[in-house]
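Given the coordinates of chain S, assemble chain H onto it according to the supplied hints.
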Amino acid sequence: MKKFMTVGALAMLMGGTAMAETIGVSVARFDDNGLTIMRNGMTEHVETLDGVELIMEDAQDDVARQLDQINNFIASGVDAIIVNAVDTNATEAMSQAAASAGVPMVYVNRQPINMDTLPEGQAFVASNEIESGTLKAFEICKNLRAAGKSGGATAYMLMGQLSNQAAVQRSKDVEDVLGMDMCNFITLIDSQTANWSRDQAQDLMTNWLASGEPFDAVFANNDEMAIGAIQAMKSAGISMDEVQVGGVDATPDALVAMQAGDMDVTVFQDLAGQGAGSIDTAIKLANGDDVDKTVFIPFKLVTPDNVSEFIQ
Amino acid sequence: MADATQGTGGLTFDTKKRAWPNELNIFFALILIIFAFEAAGQLLPYMNGQSFLFDTRDRFDTIFNEARLRIIILQVAIIGIIALGVTQVIISGGIDLSSGPLVGATAMIVMSFAQTELVNGGPNPKAVFGPWAFDLPVIIPLLVGLSFGALIGAINGTLIAYTKIPPFIATLGMFLICRGIAQAWTRGQPVSFPTESYALIGKGMMPVYLFFALAILFHFILKHTVYGKHTYAIGSNEDAARMSGINVQRHKVLVYMIASMLAAFAAIVLSSKNLTAQSGMGIFYELYAIAMAVIGGVSLTGGRGSIIGTVLGAMVFGVIQSGFTYIKLDAFYQLMAMGAIIIGAVVLDKVRQERAALRS
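So the sequences go chain by chain: S and H. Position one of the first sequence corresponds to residue 0 (numbering that gives the first Met the number 0), numbered consecutively onward. Position one of the second sequence corresponds to residue 0 (numbering that gives the first Met the number 0), numbered consecutively onward.
Bound conformation, chain S alone (with noise of 0.2 Å):
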């Protein structure tokens, strides 16, 4: 953090005109690494900036915690506030402190639940679910048509918790492709719940061979199910060249079977991107510009083209 301030304050003497701009941010968890990625993020693309002062802060899982970093951001006279939020349902108060101030807020990676009565001056950055089931699906829809398999292919789906959003949206999101004209030739055989676990998936997809019915394509809600089918599929003797299998997370197994030619397509959700993408909205309502309410950080497609850009 030290690190930052100075930057900022050399940024300040050097910059001579150029505006300092100090940014507090209240991350839910230092130690998560899916919001480290994002903080890392900020703090890279703040290097890239003149004269921009990151504070940032650890709400260790507090919400009491954030509440009491965002009312000392504001009394230490910040001139935005970037949050990502302990527990989203605790917004309203955040939300609050921040208007009645008159310092805008940044909302970054979950979706606060006042999302529909934000103040004036406040946003919230993030990636579009929506996207990660559909481009998945989208991309295996494509290859299954250069497989010249448009005349009719077959599929299963592998779908998350039932009680979780993200799975019963990316299960519909992969519907909706398949509604598509160019995507109709593609019929669901079955759609059955792996609650996320490669383990549920390995036994799942066996039980799908033992009926023997014969199909093109795996949709998984995310990569861990997308392994346990492959494992399953290959322990069956079936060549993972005559399947597409598809999942999302990009995580370092999922690039490691892609590598070796197990997996098609997966969905990478730019935590980093929308660390940056935190900033340059904060830094815009700071400076009295207009912001939509919602700022979209766009999923990656991976596929086997480009799946050493993602191993680290």
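Derived by calculation from the structure, the hints in this document are not laboratory data. Treat the hints with caution; some may be incorrect.
[Unchecked claim] Capping the alpha-carbon separation at 27 Å, the derived lysine-lysine pairs in DSSO-like fashion look like this: (1) S/233 <-> H/327; (2) S/141 <-> S/299; (3) S/148 <-> H/327; (4) S/171 <-> S/292; (5) S/283 <-> S/141; (6) H/228 <-> H/349; (7) H/202 <-> S/233; (8) S/171 <-> S/141; (9) S/148 <-> S/292; (10) S/283 <-> S/171; (11) H/327 <-> S/171; (12) H/163 <-> H/228.
[Stated by the list, open to error] One side of the interface only, derived from the structure: several residues of chain H facing chain S at Cβ under 8 Å: (13) 74; (14) 115; (15) 119; (16) 124; (17) 153; (18) 188; (19) 331.
[Said to hold, decoys possible] Here are the computed distance ranges between Cβ atoms for each label pair: (20) S/87 <-> H/136: 43 to 53 Å; (21) H/286 <-> S/186: 34 to 44 Å; (22) S/279 <-> H/186: 24 to 34 Å; (23) S/307 <-> H/136: 27 to 37 Å; (24) S/239 <-> H/199: 37 to 47 Å.
Glycine residues also receive a C-beta, built at the ideal position from the N, C-alpha and C atoms.
Then chain H, alone, in the frame of chain S:
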């Protein structure tokens, strides 16, 4: 037993009044459920007359759909291994809720000692420890896992036997502790990419062979060793067992240790089968293991039940799970149907028990 006058204390023992072995009833229930799915395949219009167990697509040499037979057992083999331990705990009059989270914790720890250095020619992206922990001989993760299981079991058993905490509470506490260990070990990150030799433990049908081998072993131990007789004795009447000279406390510790070591072994097989360990592994396993034992006729009041029953209970689970996928039952209704079948099976067993008691 052919002689009708056999019995203890001069009591006559009438073989005609002897009830069927309980296991036979579970076996019939299993057949009944299979028949129900087979009928559903014929009756449901969208099934196109497919068969559940038989090879209607001419894919195998035998008349059976061998792939179906394999998955029915494969998908319950790992929880089945846990159920073997849970069976012993319940027969001794206890309960073990910690086995599911123990699977998660053990998998995480064991996999950290089973990682390989190179993945697709690149460095392992999931390495937990430094280079010293790469490509260790497979015996090391095995020993680490079983020792961890033994430790957790010893703590469970000691708490229950010596401080007299109810087993439900002691193992509920351990449930939370183990899930915590699983999550804290790598702060929620999965551990993947094991060595080739480690990957062999759960490859293909290995989980089934291991399950059956352990089932035979513990069937023998429970029926024909002092350990087994003491386990039944303590579960039937703890005070009587103590007065007849059994060291009840020491024996309980042993039972919980064996149960936790079986759960730890299940974790090893599971992580090997999946080539990964995740902190969320084993969720609901403790409940499914208990349900398998109970469906198999193990009495929660202790003293009654058998390994054969539990194995059949596990197969009932396998048939139901496979059957649901076979008839393409809507995913949103499967849990309800599963719950209803579990309750139904136990109610049937209870009715039968009471009838048998009335007859004699």
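Hint by hint, here is what the structure shows:
| no. | hint | result |
| --- | --- | --- |
| 1 | S/233 <-> H/327 | holds, 23 Å |
| 2 | S/141 <-> S/299 | holds, 16 Å |
| 3 | S/148 <-> H/327 | holds, 25 Å |
| 4 | S/171 <-> S/292 | holds, 25 Å |
| 5 | S/283 <-> S/141 | violated, 38 Å |
| 6 | H/228 <-> H/349 | holds, 24 Å |
| 7 | H/202 <-> S/233 | holds, 11 Å |
| 8 | S/171 <-> S/141 | holds, 19 Å |
| 9 | S/148 <-> S/292 | violated, 42 Å |
| 10 | S/283 <-> S/171 | violated, 35 Å |
| 11 | H/327 <-> S/171 | holds, 18 Å |
| 12 | H/163 <-> H/228 | holds, 22 Å |
| 13 | 74 | holds, 4 Å |
| 14 | 115 | violated, 12 Å |
| 15 | 119 | holds, 5 Å |
| 16 | 124 | holds, 4 Å |
| 17 | 153 | violated, 28 Å |
| 18 | 188 | holds, 6 Å |
| 19 | 331 | holds, 6 Å |
| 20 | S/87 <-> H/136: 43 to 53 Å | holds, 48 Å |
| 21 | H/286 <-> S/186: 34 to 44 Å | holds, 36 Å |
| 22 | S/279 <-> H/186: 24 to 34 Å | holds, 30 Å |
| 23 | S/307 <-> H/136: 27 to 37 Å | holds, 33 Å |
| 24 | S/239 <-> H/199: 37 to 47 Å | violated, 21 Å |
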